[in-house]
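What follows is the residue order along each chain.
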Amino acid sequence: MHDVSSDPAVHHHTAPTGFLRKWVFSLDHKVIGKQYYALALVSVFIGIVLSWLMRLHLAWPAWPIPLLDKLSAVGAPAGVMTPEYYLSLLTMHGTIMVFFVLTNAPFAAFGNYFLPIQIGAEDMAFPRFNMMSFWTTFVAWLFMMAAFFVADGPPISGWTAYAPLSAVGGDAGPGLAMGQNLWAISIAVFCIASLLGALNFISTTLDLRTKGMSLARMPFSSWAWFVTSVIALLAFAVLLPACILLILDRTAGTSFFIPAGLVLSDKLQPHSGGSPLLWQHLFWFFGHPEVYIAILPSIGIVATILPAFARKPLLGPRAVIGSMIAIGFLSYMVWGHHMFVSGMNPFSADLFSIPTLIITIPATILTLLLIGTVYGAKMRFTSAALFCLGFISVFISGGISGFFLAQPSLDTVLHATYFVVAHFHFVMAVASIFGVFAGTYFWFPKMTGRMMNEAMGKWHFWLTFLGVYMIFMPMHYLGLAGNVRRYSAFVDDYAISLIPVHKFITIAALLTGAAQLIFLFNLIWSRFRGPVAAENPWEATSLEWSTSSPPPFDNFGGRHMVVYNGPNEYGVDGPQDYIMQTSPEKARSR
Amino acid sequence: MGKLFSAAVIIITVVSVAIFIMHVWWLPVDISTTGPAVDHQLDETMVGTGILFLASQILLALFVWGSSNTSSSRKIKIFPGGATPLVTFAVILVGLEILTLTFVGSKAWGAIYIAPPDPNSLKIDVQAEQFAFYFRYAGPDGQFGGVHPDKIDDGSGNYFGLDPANDVAARDDIVVGSLTVPVNKPILLMLHSKDVGHSFFVRELRVQQDFVPGLDIPVHFTATKMGKYEIVCTQLCGLGHYNMKAYLDVVSQDDFDEWLKAQAGQ
Amino acid sequence: MATTTLPPSAHIVVDDRGSGSPPKAIRPGHVTASGAHAEKSETGVWIAVAAISMFFAAFTSSMIVRQGVTPDWIHFQLPRVMYVNTLVLLVSSYTLELARRRFVATSGSAGATTEAAKSLVSKGMYWMYVTGALGLLFVLGQLLAWRNLSAQGLYLATNPSSSFFYVFTATHGIHLLGGVCGVLYVLARLRRTNGVARHSGFGAFSIYWHFMDILWVYLLLLLVFRF
Numbered sequence: 000m001h002d003v004s005s006d007p008a009v010h011h012h013t014a015p016t017g018f019l020r021k022w023v024f025s026l027d028h029k030v031i032g033k034q035y036y037a038l039a040l041v042s043v044f045i046g047i048v049l050s051w052l053m054r055l056h057l058a059w060p061a062w063p064i065p066l067l068d069k070l071s072a073v074g075a076p077a078g079v080m081t082p083e084y085y086l087s088l089l090t091m092h093g094t095i096m097v098f099f100v101l102t103n104a105p106f107a108a109f110g111n112y113f114l115p116i117q118i119g120a121e122d123m124a125f126p127r128f129n130m131m132s133f134w135t136t137f138v139a140w141l142f143m144m145a146a147f148f149v150a151d152g153p154p155i156s157g158w159t160a161y162a163p164l165s166a167v168g169g170d171a172g173p174g175l176a177m178g179q180n181l182w183a184i185s186i187a188v189f190c191i192a193s194l195l196g197a198l199n200f201i202s203t204t205l206d207l208r209t210k211g212m213s214l215a216r217m218p219f220s221s222w223a224w225f226v227t228s229v230i231a232l233l234a235f236a237v238l239l240p241a242c243i244l245l246i247l248d249r250t251a252g253t254s255f256f257i258p259a260g261l262v263l264s265d266k267l268q269p270h271s272g273g274s275p276l277l278w279q280h281l282f283w284f285f286g287h288p289e290v291y292i293a294i295l296p297s298i299g300i301v302a303t304i305l306p307a308f309a310r311k312p313l314l315g316p317r318a319v320i321g322s323m324i325a326i327g328f329l330s331y332m333v334w335g336h337h338m339f340v341s342g343m344n345p346f347s348a349d350l351f352s353i354p355t356l357i358i359t360i361p362a363t364i365l366t367l368l369l370i371g372t373v374y375g376a377k378m379r380f381t382s383a384a385l386f387c388l389g390f391i392s393v394f395i396s397g398g399i400s401g402f403f404l405a406q407p408s409l410d411t412v413l414h415a416t417y418f419v420v421a422h423f424h425f426v427m428a429v430a431s432i433f434g435v436f437a438g439t440y441f442w443f444p445k446m447t448g449r450m451m452n453e454a455m456g457k458w459h460f461w462l463t464f465l466g467v468y469m470i471f472m473p474m475h476y477l478g479l480a481g482n483v484r485r486y487s488a489f490v491d492d493y494a495i496s497l498i499p500v501h502k503f504i505t506i507a508a509l510l511t512g513a514a515q516l517i518f519l520f521n522l523i524w525s526r527f528r529g530p531v532a533a534e535n536p537w538e539a540t541s542l543e544w545s546t547s548s549p550p551p552f553d554n555f556g557g558r559h560m561v562v563y564n565g566p567n568e569y570g571v572d573g574p575q576d577y578i579m580q581t582s583p584e585k586a587r588s589r
Numbered sequence: 000m001g002k003l004f005s006a007a008v009i010i011i012t013v014v015s016v017a018i019f020i021m022h023v024w025w026l027p028v029d030i031s032t033t034g035p036a037v038d039h040q041l042d043e044t045m046v047g048t049g050i051l052f053l054a055s056q057i058l059l060a061l062f063v064w065g066s067s068n069t070s071s072s073r074k075i076k077i078f079p080g081g082a083t084p085l086v087t088f089a090v091i092l093v094g095l096e097i098l099t100l101t102f103v104g105s106k107a108w109g110a111i112y113i114a115p116p117d118p119n120s121l122k123i124d125v126q127a128e129q130f131a132f133y134f135r136y137a138g139p140d141g142q143f144g145g146v147h148p149d150k151i152d153d154g155s156g157n158y159f160g161l162d163p164a165n166d167v168a169a170r171d172d173i174v175v176g177s178l179t180v181p182v183n184k185p186i187l188l189m190l191h192s193k194d195v196g197h198s199f200f201v202r203e204l205r206v207q208q209d210f211v212p213g214l215d216i217p218v219h220f221t222a223t224k225m226g227k228y229e230i231v232c233t234q235l236c237g238l239g240h241y242n243m244k245a246y247l248d249v250v251s252q253d254d255f256d257e258w259l260k261a262q263a264g265q
Numbered sequence: 000m001a002t003t004t005l006p007p008s009a010h011i012v013v014d015d016r017g018s019g020s021p022p023k024a025i026r027p028g029h030v031t032a033s034g035a036h037a038e039k040s041e042t043g044v045w046i047a048v049a050a051i052s053m054f055f056a057a058f059t060s061s062m063i064v065r066q067g068v069t070p071d072w073i074h075f076q077l078p079r080v081m082y083v084n085t086l087v088l089l090v091s092s093y094t095l096e097l098a099r100r101r102f103v104a105t106s107g108s109a110g111a112t113t114e115a116a117k118s119l120v121s122k123g124m125y126w127m128y129v130t131g132a133l134g135l136l137f138v139l140g141q142l143l144a145w146r147n148l149s150a151q152g153l154y155l156a157t158n159p160s161s162s163f164f165y166v167f168t169a170t171h172g173i174h175l176l177g178g179v180c181g182v183l184y185v186l187a188r189l190r191r192t193n194g195v196a197r198h199s200g201f202g203a204f205s206i207y208w209h210f211m212d213i214l215w216v217y218l219l220l221l222l223v224f225r226f
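Residue numbers (numbering that gives the first Met the number 0), protein chains in the order written: chain A, 0 to 589; chain B, 0 to 265; chain C, 0 to 226.
One should not assume that every hint holds.
Here are some, though not all, of the chain C residues that point toward chain A, as calculated from beta-carbon distances under 10 Å [claimed, not checked]:
#: 1; residue: SER40
#: 2; residue: THR42
#: 3; residue: ALA50
#: 4; residue: MET53
#: 5; residue: PHE55
#: 6; residue: SER61
#: 7; residue: VAL64
#: 8; residue: ARG65
#: 9; residue: PRO70
#: 10; residue: ALA109
#: 11; residue: LEU155
#: 12; residue: ALA156
#: 13; residue: VAL166
#: 14; residue: THR170
Coverage of chain B stretches by chain A, computed from C-beta distances (three or more under 8 Å per stretch; other residues unrestricted) [what the hints assert, rightly or not]:
#: 15; stretch: 20 to 31
#: 16; stretch: 45 to 57
#: 17; stretch: 90 to 101
#: 18; stretch: 203 to 214
#: 19; stretch: 232 to 241
DSSO-like mimics (lysine-lysine), calculated; alpha carbons at most 30 Å apart, straight line [stated by the list, open to error]:
#: 20; chain 1: A; residue 1: LYS457; chain 2: B; residue 2: LYS150
#: 21; chain 1: A; residue 1: LYS377; chain 2: B; residue 2: LYS76
#: 22; chain 1: A; residue 1: LYS210; chain 2: A; residue 2: LYS585
#: 23; chain 1: B; residue 1: LYS150; chain 2: A; residue 2: LYS585
#: 24; chain 1: A; residue 1: LYS585; chain 2: B; residue 2: LYS74
#: 25; chain 1: B; residue 1: LYS2; chain 2: A; residue 2: LYS377
#: 26; chain 1: A; residue 1: LYS266; chain 2: B; residue 2: LYS150
#: 27; chain 1: A; residue 1: LYS457; chain 2: B; residue 2: LYS2
#: 28; chain 1: B; residue 1: LYS74; chain 2: A; residue 2: LYS377
#: 29; chain 1: A; residue 1: LYS266; chain 2: B; residue 2: LYS244
#: 30; chain 1: A; residue 1: LYS457; chain 2: B; residue 2: LYS76
#: 31; chain 1: A; residue 1: LYS502; chain 2: B; residue 2: LYS227
#: 32; chain 1: A; residue 1: LYS502; chain 2: B; residue 2: LYS244
Everything labelled a hint here was simulated from the structure, so no lab data went into it.
C-beta atoms are modelled at their ideal positions from N, C-alpha and C, and glycine is treated no differently.
When you get a sec, could you build the whole thing from the sequences and use the hints?
As structure tokens, then:
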């Protein structure tokens, strides 16, 4: 295989032959991007099914769920879930969604496919590392799936895996033996895959921009992928040591996280001197940047797509980029806000609360600039556009609840309640996924050469938009009333009156989840039967629209692209209301 | 389609906010000396963020409505002043809100978690374990016996691992499954965990504190209203987490003294 | 038969970027006057250095926290062999530098065309082999240190200090073995590119190797002062 990096000037890419080289072990970033997307798609459906099972159990705990005893006879005898099985579904739901969906889809999938094209490169900087990243992610996924099938059950300690519950092993209860081991190994392997991927993204952005593509002229989605990859590089480099220490505590008898004198299952545990808070610090030092890894790419995607349908430039492009960078930077200073009542020094609560509140400033700037972009627009209400507008609404909703949780004095009553569940679902499960939907509807023509069905897309949007509000808005009220999270049943006196709300949420969740089948059907149908797409069906400006749909193997058919404009030239005067980045024409007036 | 979107956003926003304002589901009445400050902070935040929420969603809806007129003669309009007014607004308004919330909020936080406990507090030792809370009073001698994890025996009710045979102070310690305290008296709880992480939460007290294995963590409060309240575990601790709770009984000083005497007699 | 001076007939391609001033030391892999992109592999390796630094920073802060939590930290003497290992690694950085100087002769794209150039390249490759061998020697020496420690009854789970000792040395050792694989990789590329170090990932590799060296010195100091 000819090695690209050794050529000083002319890069030569020879198209691969053979099924394995072309579709399985491909070095082509476009194929790898689609592989990540496929993995994320499978994972999100698993995650949704898990959430359905959880919601059914919460609303109707005694009702036997058909076929569940086939999945786990121990976990759900006769179809009725045990409390530990509920917790393991909860753990797997969170883990799969955060890692295999929200880190994969907006970042690894779309980033891999479009970053090189948007900056005018033939491929990523290190195509072989890129392939290794995907297959390593897949191995991590296999380890995670294996946890479903071990005798003792999947882990039950939540996606946050707090020690010592996650560290002492089987004495702490079911699900904490082999299932937890597989979880820890899977996450450690995922870290390695993500580090490789982040390295590739950063190198590519720094080194492979084509002539005229200065950093300032990069599309906002490329900026978002770049900032996200810097965050990811430093964050996953901390999660990996944490997982290594956890695995050692579990298997080698060390005591990094386990203090002395613990009695579990009537046995005095042979550990001593470890610190459960150390796990929390390491985990959240990764965990908080991780949530920005989940949202920033979607912000960048929406910032790229919205102007194309609004037919006017994004308002405040430099402020948007600056805000993304500020969020990336600040994301490393706020992790303690997950630990206000954890037992760490209460003075540090004030220390962490301040940057947490400050981070709302760039987030507000981004939101207001997106809203300001809609002002005076001549909106083309395609499915992609609707998801962009929906993104703004749900991002506001999710962000507002953040103001509450950022304050320690309010965290005393909101921590570990459904208020927190509402907050992170709005920003991650909803807003971030809306960015993925917008990106899919927008880029599907480019990736497959066919258009998605707009009627189905609009049904998908409306059912989803209304559905997510009906699922997650009520959770704020539950939280204020003191409904505790991660409970498999509601037996507290005050919680019993809240069960009708849970029933409402469950029904909404079932319907909204089912609505996603429209999206799935649309994807598959359009892939084979959709109308053929032109090179630039949306009249958009960035480099991917200057090549065929789908792009040729080396992205530009041997052309060395030259860039003359930024990505924001919409709403210009002239025969066309936009100027492509590759066009030598300069904007005259608006 | 745009007008439909605007209408949907407005309806969702108004209905959501209304439910918040009407306190359809809300916190219970507070019964603690530090509670009002927390409630005040909550109300301030509700108002501040409520305005932000309403304004931004309505603005979005209005702009989308306006943008849905796509007649070809209309030209696009740039937001007046460009990005500058919005960025300035975000920095100043949000900055001010942050300063206010932090300044006022840190007092509410400090009163609960940083201020030292009253020297005359009634001290109670609390142990959390899979899946129950146990409470220990010092008994007539006013001294707590030492705890020994290797002596823990749930079967015989020795939850704390006391050693009355060798430890004089432990002989009269009172161990119960619910927390009884006199009203208007400062209480100092010492939290420790037998096994994994747990958390102590009483909604009415507006207090929440994790139990961290290996650490002894103090929590103090003064209850101002008599009644029976629930203590729930809020830190995932295993399969029985949902069922891990105890009751907090706030009684009159006289009733408490009688109760304590009765317990000591046993 | 390695020499430290270049024979007078050696054909050296000097890149003075047209300034006419005396040539500065040439790093294989820097941007040449032909305007080629910065060597991608070097950008990549700097990014890897950042990530690996963060990885060890996480272990360092874990260690500091753990030391402060309970007074059960057993201080022990580091096995003497570790100081020898450190010397071995430092020498390997020096031999890597010796290799680099040999490759200066063939920084043009055509590679080693003259006999003198070919001889220099093979000397360079010799020093690369020595570097890799010293790396392996280092790892063997670390294993000896482990043997020494376990003879004293200090195993992975014995005490937090021994736990961290093994974690630090094992993870550094694994990264170093990765570097040894890198030696073999660069040597294979050198053979294919006819000795053009710039096209063989030599620059990126040397950054990584020197970083492993510096990282080890940091870890040694950490172990010496805090253990």
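Review point. Holds or violated: is the Cβ of C:ARG65 closer than 10 Å to a Cβ in chain A?
Key: Where the cut-off is 10 Å and the nearest Cβ of chain A is about 6 Å from C:ARG65, the hint holds.
Check your understanding: Regarding the pair A:LYS502 and B:LYS227, is the alpha-carbon distance no greater than 30 Å?
Key -> holds, 28 Å
Point to revise | Hint validity - C:SER61 Cβ closer than 10 Å to any chain A Cβ | key: Interface hint status for C:SER61: holds (6 Å vs cutoff 10 Å).
**Study point:** Evaluation of the interface hint that places C:THR170 against chain A, nearest CB under 10 Å
**Key:** holds, 8 Å
Practice item. Using Cβ atoms only, decide whether C:ALA109 comes closer than 10 Å to chain A, and label the hint accordingly. Key: violated, 12 Å
Point to revise | Coverage criterion applied to the stretch 45 to 57 of chain B (partner chain A; beta-carbon cut 8 Å; 3 residues) | key: holds (count 6)
Point to revise | Hinted pair A:LYS266 and B:LYS244, Cα distance within 30 Å | key: With Cα atoms ~23 Å apart, A:LYS266 and B:LYS244 stay inside 30 Å; holds.
**Study point:** 30 Å Cα cutoff - pair A:LYS457, B:LYS150
**Key:** Roughly 66 Å separates the two Cα atoms, so the pair is violated.
Check your understanding: Holds or violated: C:VAL166 as interface residue toward chain A, Cβ cutoff 10 Å?
Key -> The hint holds - C:VAL166 has a Cβ within 10 Å of chain A, the shortest such distance being about 7 Å.
Check your understanding: Quick one, are A:LYS210 and A:LYS585 close enough, alpha carbons at most 30 Å?
Key -> holds, 17 Å
Point to revise | Distance restraint between B:LYS2 and A:LYS377, which requires alpha-carbon spacing of 30 Å or less | key: Since the Cα atoms of B:LYS2 and A:LYS377 sit roughly 13 Å apart, the hinted pair holds (cutoff 30 Å).
**Study point:** Hint consistency between B:LYS150 and A:LYS585 [alpha-carbon to alpha-carbon, up to 30 Å]
**Key:** violated, 82 Å
Of the numbered hints given earlier, the model fails hints 10, 20 and 23; all others are met.
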